[in-house]
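Novice: The residues making up each chain are set out below.
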Amino acid sequence: NAGVTQTPKFRILKIGQSMTLQCAQDMNHNYMYWYRQDPGMGLKLIYYSVGAGITDKGEVPNGYNVSRSTTEDFPLRLELAAPSQTSVYFCASRGLGGASYEQYFGPGTRLTVT
Amino acid sequence: SQELEQSPQSLIVQEGKNLTINCTSSKTLYGLYWYKQKYGEGLIFLMMLQKGGEEKSHEKITAKLDEKKQQSSLHITASQPSHAGIYLCGAVSTGNQFYFGTGTSLTVIP
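Here the protein sequences line up with chains A and B, keeping their order. Start counting at 1 in the first sequence, then tack on 2, and there's your number in the numbering used here. Start counting at 1 in the second sequence, then tack on 2, and there's your number in the numbering used here.
None of these hints come from the bench; they were simulated from the model. The beta carbon of each residue, even a glycine, is placed where N, CA and C say it ideally should be. There is no bait here: all hints are sound.
Taking lysine to aspartate or glutamate pairs in the EDC-like style, the calculated list, with each CA pair at most 20 angstroms apart, reads:
no., chain 1, residue 1, chain 2, residue 2
1, A, K59, B, E5
2, B, K58, A, E104
3, B, K70, B, E7
4, A, K46, B, E43
5, B, K40, A, D40
6, B, K40, A, E104
7, A, K46, A, E61
8, A, K11, B, E43
9, A, K46, B, E7
10, A, K11, A, D28
11, B, K53, A, E104
12, B, K66, A, E104
13, A, K46, B, E5
14, A, K46, A, D58
15, A, K59, A, D40
16, B, K38, A, D40
17, B, K29, A, E61
18, B, K38, A, E104
Here are the computed distance ranges between Cβ atoms for each label pair:
no., chain 1, residue 1, chain 2, residue 2, range
19, B, K62, A, I17, 40 to 50 angstroms
20, A, D40, B, T109, 16 to 26 angstroms
21, B, E57, A, K11, 32 to 42 angstroms
22, A, K46, B, K53, 20 to 30 angstroms
23, A, T72, B, Q16, 44 to 54 angstroms
24, B, Y32, A, D58, 11 to 21 angstroms
25, B, H60, A, G97, 16 to 26 angstroms
Kindly produce the complete structure, drawing on both the sequences and the hints.
Specialist: Right under this line is the structure:
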């Protein structure tokens, strides 16, 4: 199993550009999450999904969009990049059993908006 | 929204020393999770505490949950350079969202 994979690893965007951060998991997990981590800070939840076709806003959803057409994939879209979106983005997933909120994290995407 | 405050914000210890990290919640805890993040990498789940008074250990790391104080502590015994990283507590809110604490950066000097 590859676990949770994220692409790209690094990206530099200009203000106003758009991009999609990709996230995929091969563990057949229902729940998937997108977080952002600003320097020296904890993680903040952007969006999450409890299953294919279902998404919901987290703590800091403004400026982002998500979709969940399949169980495996959960892309995060930035439509008009702003410097405030410079951050490290983590995707995570979890199943329904075990430690209920044991999340598996991807390696992260480091995004800089200039 | 749920707020999880961690203290200290950063910690530098000599190898072999013991240390404690605290996580205090602004709301009732329905379970507390501890994660570790190596610098520049994703998070790794350490352990979960569900009941007041519960204590769990993983190698040299022990975590306790005090429901009355809405607080959890993470204790590392005889720290090693491999313990270095960022430790984050997390909790589920009543809205089924997951919140992370502010994080504690640990440096272990050989």
